[in-house]
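A.B. asks: Residue strings, one per chain:
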Amino acid sequence: MTDQTSAAPAGTADTAKPVAMSTSSRGTKALGLLTLVSAVFTILYSFWFSKADVELGNTVRILYVHVPTVSIAYLCMLVNAGASAFYLWKRTAFPDLLAAATGEIGVLLLGLTILAGMMWGKPTWGTFWEWGDPRLTSTLLLFLMYLGYVTVRNIPAPRSARNTRSAVIGIISALLIYPVKMSTEWWGSLHQGRTISAPGASKIHGAQEFALYSGFLTFMLFAAWLTIHRFRVGWLQDQADATELDAVIADRRAEAGAEQFGLGEVH
Amino acid sequence: MWHDVWLVCRKDLRIEARTRVTLNHVAPFVLTVVMLFAFALDADTTLLRRATGGLFWVTVLFAANAIAQRSASVDRPDGLPDALRLSNLSPAGMFLGKTLSLFLQLTATELVLAVAMVLMYDVRLRGIALILASIPLGTLAIAAVGSVYGPLAAGLQGRESILPLLMLPALAPVLLAATNAFGVAFGTTVGPGWRWVVMLGMLGAIYVAAGTATSAALLEET
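Chain order of the listed sequences is A and B.
For what it's worth, our numbering labels the leading residue of the first sequence as 70, then goes sequentially.
For what it's worth, our numbering labels the leading residue of the second sequence as 4, then goes sequentially.
Check the hints yourself; a few may be wrong.
[Unchecked claim] Incomplete in silico selection of chain A near chain B, CB under 10 Å:
hint	residue
1	Ser91
2	Gly180
3	Tyr218
4	Asn232
5	Thr233
6	Ile246
7	Pro248
8	Met251
9	Ile318
10	Ala319
Read the hints as simulated data drawn from the structure, not as lab findings.
Model, not experiment: these values are computed from the prediction.
For each residue, glycine too, the CB sits at the ideal point set by N, CA and C.
Pulled out of the complex, with its shape left as it was, chain A reads as follows (with noise of 0.2 Å):
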């Protein structure tokens, strides 16, 4: 994601430690080339060799992209509860950066989800959007939600307030997770039910299911890479933002040493 280098992040002074400043390894680089290969694999599998539904028909394909980034974005969602529950627990870094990225991709594949349900309802349901539906209007309240912690991540405060409150509001979002996934069992729902893990037998079968789990290899790829390259960007702008609180007392100590000892004028 950033060309490799080694270098103080800028506006530090020279008493900084060097900060590497990459977030690319050989073996995201390799993870990345595989998610390429397998998304080129997806589209060309999904649109040419996997037919069309007698019920759905081409709209079927959309169901390629939605299916896997829901069910990826409630995994990262899981991911980021349990790791904010464990950043509460032992306050180290490694859970709360693992929480920060994973919550922002859930977002992100959530978001997906969303726009591709609404390509999908228009053709099929003759609207994008339908209000009395509990598994769209709860899954737009769970987006809401996780929204609101990018937002509070987001928002510059010290790191271990910020890494707490941005902790209790992922447990609190996940509370939800499991009612979007039961909604359509629980209440009269227009969207459909389970399809893979229904009771008895997949609804999906041949290319339509193989082009169905192509997609979630390749959302299940493109989430692990975009996780590792979120976790480690977040591990530096951490190191940059404690390098340069480093630098600037250093700063403050030598004004204070240069007052001290008359050593100079002190601006």
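Model the placement of chain B on the given structure of chain A, informed by the hints.
C.D. replies: Same frame as chain A, but now just chain B:
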């Protein structure tokens, strides 16, 4: 812990009694909203009567946002957060005390709002038991969410816009359940009204439990 709950609640209510923010600012605000809804819906009494449940709870959410913001901001100045941390009060007790005080202030606001809506929207009260059960349960859930997110947002830049962004989505299920319970009570919606009351109770219990569990972490950092 229960002693701490009462101490914090009494402190907040005493501040309210002295400053009268709920009485002087929030009560007129809810009356204004009642009027604005009537203008927005073209003064159609039949429509207003049908929509009363939803309008009531939307107004309560707006009022809750203002009261929660106020309740959290009184604990911010003059090193009060540090004083509270050093006071040896139980964090759970402080959270529950805040929730109780918010609950009481919201209940008073709801009373003013209910009287105004009955008189001005010509609401015919039916299903009193359903209404009387859903109001305290819905209010408890709202107060619990306000007591978590109010102090959390109070220390942030842009707190005025952040609090509704956090609070309102979390309270949307409460709005849905309470509006449906009111709809059944008023006869504008068909369905099992008590199921919505049970849902309100569950939401209240979940939010109180989540707030109590995270109270120590929040007290430390807000």
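A.B. asks: Hints broken by the structure, by number, lowest first?
C.D. replies: The structure conflicts with hints 1, 2, 6, 8, 9, 10, although it agrees with all the remaining ones.
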